[in-house]
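> The listed protein sequences correspond, in order, to chains Z and L. Going by the working numbering, the first residue of the first sequence is number 1, and it counts up by one from there. Going by the working numbering, the first residue of the second sequence is number 1, and it counts up by one from there.
Keep in mind the hints are simulated off the structure, nothing from the lab. Warning: the hint list may mix true and false statements.
[What the hints assert, rightly or not] If you only want the chain L side, here are some residues facing chain Z, beta carbon under 10 angstroms, derived: (1) L22; (2) S47; (3) Q133.
[Claimed, not checked] Chain L stretches covered by chain Z per the calculated footprint, using a threshold of three residues with CB under 8 angstroms from any CB of chain Z: (4) 61–72; (5) 135–142.
Just so we're clear, the structure is a prediction, and the values are computed from it rather than from any experiment. Cβ atoms here follow ideal geometry from the backbone N, Cα and C, with glycine treated the same way.
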Amino acid sequence: MRCEEVQEYLAERLAGSLSDRLSGTLQSYVRTHMRSCTECCEELEDFEEMQAVLRSIPVEPCDTNAMRARFNLLIGVRVEEAAAQPGPTRRSWHLPRPGKSVVAIIAGVLVIVLAVLVVLQAVKRTDVATTVPPAPVQTPKPVVAEVRTGAMSGQIRTASGEDLRKVRVAVVAVSNSGKPEIAVESNSDGSYRLENIPAGRYYVLASSIDSPTYYPGSPDVSGAKIVTVQAGAVLEGIDFSRVAAASNPPPPAPAGESGGELPSESSLVAVDVTIRHESGERLPFKPDASIVFTATNGDFQIAASHFVGNLFRVNLPADKSYAVAVSGTAAGYTIQSIVDGSKTDLMHGGLFKANPGKPARARIFVTLSSN
Amino acid sequence: MATISTDESLMAAVREGASDELAILFDRHHQSVYEFFFRMTADRASSESLVQEVFYRILKYRDTFRDDDRFISWLYRIARHAHHDMFRKASAGPVCDDDEEQMRTVSPSGTEASRKDRSAMLRCALLNMPEDQRELIVLSQYHQMPPDAIAELLDIEVPEAKVRVHRAMMELRDSYRKLSG
Chain Z
1 MRCEEVQEYL AERLAGSLSD RLSGTLQSYV RTHMRSCTEC CEELEDFEEM
51 QAVLRSIPVE PCDTNAMRAR FNLLIGVRVE EAAAQPGPTR RSWHLPRPGK
101 SVVAIIAGVL VIVLAVLVVL QAVKRTDVAT TVPPAPVQTP KPVVAEVRTG
151 AMSGQIRTAS GEDLRKVRVA VVAVSNSGKP EIAVESNSDG SYRLENIPAG
201 RYYVLASSID SPTYYPGSPD VSGAKIVTVQ AGAVLEGIDF SRVAAASNPP
251 PPAPAGESGG ELPSESSLVA VDVTIRHESG ERLPFKPDAS IVFTATNGDF
301 QIAASHFVGN LFRVNLPADK SYAVAVSGTA AGYTIQSIVD GSKTDLMHGG
351 LFKANPGKPA RARIFVTLSS N
Chain L
1 MATISTDESL MAAVREGASD ELAILFDRHH QSVYEFFFRM TADRASSESL
51 VQEVFYRILK YRDTFRDDDR FISWLYRIAR HAHHDMFRKA SAGPVCDDDE
101 EQMRTVSPSG TEASRKDRSA MLRCALLNMP EDQRELIVLS QYHQMPPDAI
151 AELLDIEVPE AKVRVHRAMM ELRDSYRKLS G
């Protein structure tokens with residue numbers, strides 16, 4: 001076997017197209033060749049080591065429950081949409097309507113009333129005929145006592161403070177697989193009220209189908225606040241801000257939420273912002289921060305709160321100047337402010353300028369003060 | 001008798017309107033799709049959002065699934081597009097700032113430490129690769145996607161898929177060597 005053939009073998013192996021059985025015979029040829037060829041031997045060892053190390057690179061575990069919750073919401077909404085049109089649709093993933101629970105409670109009450117009547121009748125009979133032992137009467141489980149529910153209400157608003165009408169609001173239990181428990185559509189004034197929520201801890205989601213907003217206004221579960229529903233209580237003021245309008249869903253990129261009127265997409269310029277310490281050193285940890293660009297003419301704000309490494313991605317309307325503010329914490333420190341914009345050519349006099357037509361990279365320097 | 005439905009038959013059912021069958025496909029594949037994104041982006045929040053985006057697109061574009069499509073190839077085609085769309089406006093892919101920092105701080109001595117070192121360096125080398133090559137490595141090495149599925153996914157011939165995987169692995173090895181000195 002020659003070196004070229006070994007290379008071919010290696011290529012096949014790296015592509016994963018050799019089955020174990022096939023490679024068994026081949027491998028013995030390769031091994032024979034390896035004994036005499038140091039170069040091929042080293043190459044194979046290199047790749048084997050690299051494959052082993054590749055496999056050892058850890059993956060940060062995902063929040064399956066939250067992902068499931070968002071998926072269920074998607075399915076629920078879509079199935080309901082499809083159900084409104086004629087066509088074959090199974091409804092097992094349909095969001096339960098609040099009305100159904102009311103019917104269940106009424107049915108439960110009726111069962112109990114009937115059971116009580118039966119018991120009373122039985123008692124009366126034993127009074128009359130004392131020789132007959134009282135028949136053991138199976139009292140049905142008190143259904144009403146088990147259904148311990150609460151309610152919540154609130155208001156849906158956009159970033160600019162407008163009320164949003166007809167937005168789906170759903171509560172999703174934190175502890176179970178995340179199936180939406182109850183969902184309603186907000187009223188024409190943006191208000192909503194959810195009834196008959198079994199007591200427990202919930203995420204509350206307002207959805208425009210593909211981009212749910214978690215209460216109080218986060219695009220993902222990491223910024224969600226858990227709401228505790230207590231039996232018999234009404235939680236008021238579960239208000240949402242920054243819910244994207246359903247008619248105009250935002251792009252899938254999670255970084256960058258917009259508020260106010262934005263210029264057309266064509267004039268946006270992508271800016272990668274790296275957060276650094278004022279000394280110029282990288283932050284040795286991933287900060288929990290958000291960054292806000294405010295147009296100097298006061299037109300709008302663009303906020304981002306997602307990282308890739310120490311990196312923010314923000315799509316900014318070009319040819320405008322922005323005041324930039326970073327806030328948040330990082331490993332026991334509070335991020336105070338931008339201390340020096342002069343180290344990047346995109347910052348002039350403390351203001352940030354994005355030029356059209358070319359993607360930009362910027363470094364934002366911050367001061368850290370210990371908490 | 002209970003039968004196990006294939007991915008393809010489930011997806012065909014979704015296409016015909018049985019959206020709830022998608023839940024089974026979600027259960028089967030969300031973890032590996034998440035891992036694909038995590039290895040492409042090194043960012044949990046983005047990866048979770050991208051998984052959501054993929055299943056949204058599956059529903060939205062369910063009519064484009066053909067009976068002779070292999071579901072896994074079709075799924076990763078959607079995943080690639082979702083990832084590509086997310087980063088198309090950005091100037092570059094993820095930057096492995098954290099890892100360089102990590103590399104400076106880990107102890108060079110000891111087997112475990114040097115293993116972690118190598119792992120961090122290789123991760124860095126992987127993240128700094130061009131997106132198309134990174135994809136090939138992630139799919140072939142982590143997801144054990146065979147060359148014919150990769151070929152279907154990229155719409156190329158099988159020998160070409162093998163060549164590309166090999167080339168990507170060589171590139172990775174070279175940049176890994178550079179990093180490890």
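> Now tell me, hint by hint, if it's right for this structure.
Each hint tested on the structure:
| no. | hint | in the structure |
| --- | --- | --- |
| 1 | L22 | holds (6 angstroms) |
| 2 | S47 | holds (7 angstroms) |
| 3 | Q133 | violated (13 angstroms) |
| 4 | 61–72 | violated (count 0) |
| 5 | 135–142 | holds (count 4) |
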